[in-house]
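J.: Sequence:
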Amino acid sequence: MTTAPRYSVLIPAYNHAEFVEEAVTSALEDGGQQVEVIVVDDGSSDDTPAVLQSLETDDRVRVHTQENQGAHAALNRLLSLARGQFVFILNSDDAFESGRLNRLAGALEDHPGAAVACSTLRIIDDQGLQIGIKNAWQDLEPWPVPHPPPHLANFEDPTLALLQSNWVATTSNMAFRRSLVAENNLQFNPLRYTHDWDFLLAASAYGKIALIEEPLVRYRVHGKNTIREGDGTAQGLMNFEILWTVARHAAPTIARATDRGFDPDDLKNRLMRSLPSFGREDLLFQLLTLRGNGDTPPPSFDALLHPDHPLRRAALLALEGKS
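673 is the number of the first residue of the sequence shown in our numbering; add one for each residue after it.
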């Protein structure tokens with residue numbers, strides 16, 4: 673493919689030999705000759721490389737490999753390789769429904785003030801059978817909403833609801849203009865569990881979130897999902913990343929909502945009822961204080977992601993119930 677495509681579908685792949693062909697094929701079938709599919713294999717140790725090699729015979733598919741560096745690194749490399757006007761991310765164990773590319777690109781064109789477009793999701797199991805439908809922030813089928821009202825999601829405002837929970841749910845549910853990344857230097861931070869949520873909240877500084885209320889992506893729940901890692905250490909890290917992410921974006925998100933006419937006192941009241949704390953409100957408040965109220969976080973806050981940072985180590989022990 674020599675001319676720039678309309679759509680770039682970016683697939684970070686890791687040990688999904690049984691699913692990746694379905695992912696790639698769904699993007700090719702939906703995009704026709706207007707799509708490029710770029711895959712970065714993040715050091716897979718199963719048969720994923722062989723499956724990808726067989727798919728690369730289609731000139732719309734480009735495959736790159738690297739040593740295992742994590743999803744955020746694969747995604748950042750993919751962003752640097754994209755050439756399309758509209759960028760879609762698709763995890764290697766998920767799949768697009770027919771019409772997704774056109775519908776979401778159309779939503780971005782119809783709403784020039786939107787930074788990101790997404791849809792509701794069809795939740796499937798490892799056999800492709802439907803488990804439920806996730807209707808944005810209105811519910812989290814098959815998972816219930818844990819926050820009693822009044823909370824941020826009651827406003828029916830997508831961005832405020834996103835501060836309460838990652839209702840977009842997955843990078844597979846993201847579409848945006850390539851210019852959003854190029855003009856604002858957006859990248860995925862080195863987060864194992866919340867890199868998608870952090871990216872979405874950062875992107876929301878540059879526009880609204882356009883929602884298509886139709887399930888246009890199949891999100892697969894299975895034993896290899898990163899978020900389903902079950903030991904206490906993994907749970908502690910996930911909880912820390914959630915606290916870090918909401919603390920990083922709370923102040924600017926609330927400030928922008930105030931500028932849009934929301935009552936600041938009501939926002940603050942709902943904020944503290946909405947943010948997750950995992951029973952460690954002290955840690956959440958500490959992170960919010962370290963973050964401060966500026967438009968961008970200080971370098972000392974982002975430094976908390978370093979594995980050897982003493983506060984991070986102490987927070988992980990607390991969240992794992994070891995202190």
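Any given hint could turn out to be false.
Derived Cβ-Cβ restraints for the label pairs, each shown as a range [stated by the list, open to error]:
#1 770 to 975: 39 to 49 Å
#2 851 to 966: 22 to 32 Å
#3 940 to 859: 24 to 34 Å
#4 954 to 770: 44 to 54 Å
#5 728 to 983: 40 to 50 Å
Hints were generated in silico from the structure; no laboratory data involved.
Where a beta carbon is used, it is the ideal one built from N, C-alpha and C, also for glycine.
J.: Of the hints given before, which are not true for this structure?
T.: none
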